[in-house]
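Line by line, the protein sequences give chains V and F.
Everything in the first sequence is counted per the working numbering, starting at 1 for the first residue and increasing by one.
Everything in the second sequence is counted per the working numbering, starting at 1001 for the first residue and increasing by one.
The set of hints was computed from the structure by calculation and includes no laboratory data.
Note that the Cβ used here is the ideal one computed from N, Cα and C, for glycine as well.
It is possible that part of the hints are untrue.
[To be verified] Here are the simulated distance ranges between beta carbons:
no.	chain 1	residue 1	chain 2	residue 2	range
1	F	Ala1004	V	Gly28	49 to 55 angstroms
2	F	Thr1024	V	Arg37	35 to 41 angstroms
3	V	Arg37	F	Arg1043	33 to 39 angstroms
4	V	Ala16	F	Thr1032	46 to 52 angstroms
5	F	Thr1065	V	Arg102	37 to 43 angstroms
6	V	Arg88	F	Arg1069	30 to 36 angstroms
7	V	Ala148	F	Gly1041	43 to 49 angstroms
[Unchecked claim] Partial pick of chain V residues on the chain F-facing surface, computed with a CB cut under 10 angstroms:
no.	residue
8	Thr45
9	His52
10	Tyr53
11	Ala90
12	Ile92
13	Val95
14	Leu116
15	Trp135
16	Glu137
17	Gln143
Single-letter residue listing:
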Amino acid sequence: MIRVQEADFDSAALTAALRESAGPGVGGIVTFVGYVRDYAPDTPTDTLFLEHYPGMCERELEDIAATARARWNLAGTVIVHRVGALHRNAQIVYVAAASAHRGDAFRGCEFIIDALKTRAPFWKRETLAGGDSFWVEQRQSDQDRTDAWDEDTPDKKENP
Amino acid sequence: MNGATINLLYFARVAELVGKRTETWPVQGESTGAQLLAELGQRYPQLEPATRLKLAINQTHAKPTAAIRAGDEVAVFEPVTGG
């Protein structure tokens, strides 16, 4: 399931729904929740504004999730990403991967959030408590992490 | 190819720098992403601080060598920062 929305989300309800839809063969679900955090070392963040490219955004997220499901044994995946003005400590993103085995679930979830950060067309504009505002720049470390998944070829089946 | 155009979309800081979010842009025959970025740099010198411009053609990430044809939807943006 892919959702891009302004509204907040209930991560416990999303996880419960994934467990229900993925069926009794699911042995575990790995989830990741991202929050608005203080970006500058000495000034609190006031607001993070999330802009996105409607259409392409959903398409990229679908493609990332499909790639994860093809690469690991996953019974289901969920990506929910918020857009618009988000205040300090607000939830931004929820990613979940369900699998019979934890290894696939961990790898699937981590792959999705890493790929999302370098492929999904979202942009963050940070406004600090003092009023300064700027567009966040992509970190090289994020691109390096996404690239590293090209090299990493864990076995598709954890317990063949 | 008289009157052939593409539909340009600008996002985030790029939209702020050029002062608009969409624009119809003329194209002659087939061109490339790199050619388009060079034309945009000439038309909008204020894009100079945006040194890492990226393109998507018809809602798919595209390299500078990718072909651009009349009728395409081409988005121009800086590296994405979601998550």
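Hint check: is the beta carbon of Thr45 of chain V less than 10 angstroms from a beta carbon of chain F?
Violated: closest Cβ of chain F sits about 14 angstroms from Thr45 of chain V, beyond 10 angstroms.
Next item in the hint list is Gln143 of chain V. Is there a CB on chain F closer than 10 angstroms to its CB?
It holds, given that the least Cβ distance between Gln143 of chain V and chain F is near 8 angstroms, below 10 angstroms.
Mind checking the hinted window 33 to 39 angstroms against the Cβ distance between Arg37 of chain V and Arg1043 of chain F?
38 angstroms, holds
Just to be sure I understand the hint, the distance between the Cβ atoms of Ala1004 of chain F and Gly28 of chain V should be within 49 to 55 angstroms; is that true here?
54 angstroms, holds
Please check whether Val95 of chain V passes as an interface residue: C-beta within 10 angstroms of a C-beta belonging to chain F.
Holds. Min distance 9 angstroms.
Would the stated hint for Ala90 of chain V survive a check requiring a Cβ distance to chain F of less than 10 angstroms?
14 angstroms, violated
So, Tyr53 of chain V near chain F? Judge it on the closest CB pair being under 10 angstroms.
6 angstroms, holds
Verdict for Ala148 of chain V, Gly1041 of chain F (Cβ pair) under range 43 to 49 angstroms:
32 angstroms, violated
Go through the hint on Ile92 of chain V and say holds or violated, using the shortest Cβ distance to chain F against 10 angstroms.
Hint on Ile92 of chain V: holds, closest Cβ of chain F at ~7 angstroms, below 10 angstroms.
Using the beta carbons of Ala16 of chain V and Thr1032 of chain F, state whether their distance is inside 46 to 52 angstroms or not.
Once the Cβ atoms are compared, 49 angstroms apart, the range 46 to 52 angstroms for Thr1032 of chain F and Ala16 of chain V holds.
Using the Cβ atoms, figure out if Arg88 of chain V sits within 30 to 36 angstroms of Arg1069 of chain F.
45 angstroms, violated
The hint says 35 to 41 angstroms between Thr1024 of chain F and Arg37 of chain V; measuring C-beta to C-beta, is that right?
40 angstroms, holds
In terms of the numbered hints stated before, the structure departs from hints 6, 7, 8 and 11, listed from lowest to highest.
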